[in-house]
Structures are given as C-alpha cells and as structure tokens.
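> From just these sequences and the hints, can you work out the full model?
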Amino acid sequence: MLKTKRILLVPFVTLLLIVSSVTSVAFAANSNNIGIANKEAHKFQQILNLYVKMTDEGIIEFDEEKAISDGRNSEIIEAGRIAEEISMQHKYYNNGKKNGKIQAKVSFQYYGNWCGPGYGGGTPIDSIDQACKTHDLCYKSKGMYKCSCDDTLINTLSANWGKYNTKQKTYASGVITYFSLASTFCNK
Numbered sequence: 001m002l003k004t005k006r007i008l009l010v011p012f013v014t015l016l017l018i019v020s021s022v023t024s025v026a027f028a029a030n031s032n033n034i035g036i037a038n039k040e041a042h043k044f045q046q047i048l049n050l051y052v053k054m055t056d057e058g059i060i061e062f063d064e065e066k067a068i069s070d071g072r073n074s075e076i077i078e079a080g081r082i083a084e085e086i087s088m089q090h091k092y093y094n095n096g097k098k099n100g101k102i103q104a105k106v107s108f109q110y111y112g113n114w115c116g117p118g119y120g121g122g123t124p125i126d127s128i129d130q131a132c133k134t135h136d137l138c139y140k141s142k143g144m145y146k147c148s149c150d151d152t153l154i155n156t157l158s159a160n161w162g163k164y165n166t167k168q169k170t171y172a173s174g175v176i177t178y179f180s181l182a183s184t185f186c187n188k
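At position 131 of the sequence shown (counting the first as 1) the number is 131 in the numbering used here, and the numbers step up by one without a gap.
In short, the hints are calculated from the structure, not lab data.
Ideal Cβ placement from N, Cα and C applies to all residues, glycine included.
A hint or two may mislead.
What the hints assert, rightly or not - Quick list of the computed label-pair ranges, beta carbon to beta carbon:
id: 1; residue 1: G121; residue 2: D70; range: 32 to 42 Å
id: 2; residue 1: E57; residue 2: K188; range: 19 to 29 Å
id: 3; residue 1: C147; residue 2: E65; range: 26 to 36 Å
id: 4; residue 1: N187; residue 2: G121; range: 19 to 29 Å
id: 5; residue 1: K39; residue 2: N165; range: 17 to 27 Å
id: 6; residue 1: E57; residue 2: C147; range: 18 to 28 Å
id: 7; residue 1: D70; residue 2: G122; range: 32 to 42 Å
id: 8; residue 1: K53; residue 2: M144; range: 22 to 32 Å
id: 9; residue 1: T184; residue 2: C138; range: 14 to 24 Å
id: 10; residue 1: G122; residue 2: N165; range: 13 to 23 Å
id: 11; residue 1: D70; residue 2: I125; range: 28 to 38 Å
id: 12; residue 1: D70; residue 2: H42; range: 12 to 22 Å
id: 13; residue 1: G122; residue 2: G71; range: 34 to 44 Å
id: 14; residue 1: E64; residue 2: S148; range: 24 to 34 Å
Stated by the list, open to error - Derived pair list, reagent style DSS-like, types lysine-lysine, alpha-carbon separation capped at 25 Å:
id: 15; residue 1: K188; residue 2: K140
id: 16; residue 1: K146; residue 2: K188
id: 17; residue 1: K133; residue 2: K167
id: 18; residue 1: K53; residue 2: K66
id: 19; residue 1: K91; residue 2: K146
Shown next, in the form of structure tokens:
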C-alpha cells in the first residue's frame, strides 16, 4: 500500500513542479510593469522616462530642453519627440472621431503602413510595422485601447530590439514610451 502511494505521488509532485516552473517563468516575463524584455531597451527606456510625463489630460510631454542640457544623445531626443507626437496623434484622432471628422493625416509623421491612429493598410514594411498591424487588428477585435493589445505591442517591440537599426530603435522606443505611460488609460 505504501509503495502504491509513492508511485502515485511521484507523478503528482512532478506535475506540480512543472506547473510551478511554468508559472514562475510567465510571472517573471510579465513582472516588469512596462514589459521591457530586452536589457538594452530597458536601459534606453529608463533614460527616456526621465524626460517624459503624462499630463492629467493623458498627453505625453517631453522635456526636450532638459534632455539636451543633460547631454542626452540624438536617439533619446528623437524618441521623446516621437512619444509626444504619438500622444498628440491619438488626441487629435480621438477628438476628430468625437466631432464626426478625422484630422488630416498629413499633419503627422507616420511610420510604415500601419503605425499611427486611424492609419493602416498595405504590407508592413518591417517588424515594427508588423507589430503595429497586429496591434491595430487587436484593437479591432478586442476594442480600442485594450491593455492586452498594448502590452503585446510593447513586449513585441522590446523582444525584437536587438534586430533594429538605430532609426527603428528610436521609433520603437517612442511607441513603447507612449503605450507604457498611456497604460493608466487603457481598458482592462
């Protein structure tokens, strides 16, 4: 009888350890509240976050003067500008939708064929544009400003960080910054 209990207990304990390990790995992957998986991307974001803030109206402001006076490199400066611009794009897009009209797309600089509110179509030009497409389609299926869609976008951009050239890293960082700070306004 004791031998039978041990035989049954071994598979149960093994299964428990496997489930525990998988849960721990999943938790560790998501424990960083801004979802930055890549260490280089995380360091870049930490520096950039010193110069951005979210207003009560949900607009990101980038303190470009302080970043310049602190001697930050051009990639940090450009990523801050991009985060602020994405924030403004969303503001104008949403205001235009509420007023029954969409603001002219020419007023903002978009990336690829899918990155930008109300912007999408065609073949993605690279992995960043593909991540934007996936994000847009997620919003379409789950609803606008769905947190899970934003988290997937942040994690995808971060996971691919090492594959990006300098221009792509700068844009990806602006996107990560916007959606990380905007997470307080996303729909759970």
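> Does each hint hold? Answer for all of them.
Status of each hint after checking the structure:
no., hint, result
1, G121 with D70: 32 to 42 Å, "40 Å, holds"
2, E57 with K188: 19 to 29 Å, "21 Å, holds"
3, C147 with E65: 26 to 36 Å, "32 Å, holds"
4, N187 with G121: 19 to 29 Å, "24 Å, holds"
5, K39 with N165: 17 to 27 Å, "18 Å, holds"
6, E57 with C147: 18 to 28 Å, "20 Å, holds"
7, D70 with G122: 32 to 42 Å, "39 Å, holds"
8, K53 with M144: 22 to 32 Å, "23 Å, holds"
9, T184 with C138: 14 to 24 Å, "19 Å, holds"
10, G122 with N165: 13 to 23 Å, "21 Å, holds"
11, D70 with I125: 28 to 38 Å, "33 Å, holds"
12, D70 with H42: 12 to 22 Å, "19 Å, holds"
13, G122 with G71: 34 to 44 Å, "40 Å, holds"
14, E64 with S148: 24 to 34 Å, "32 Å, holds"
15, K188 with K140, "15 Å, holds"
16, K146 with K188, "6 Å, holds"
17, K133 with K167, "19 Å, holds"
18, K53 with K66, "13 Å, holds"
19, K91 with K146, "16 Å, holds"
No hint from the list above goes unmet by this structure.
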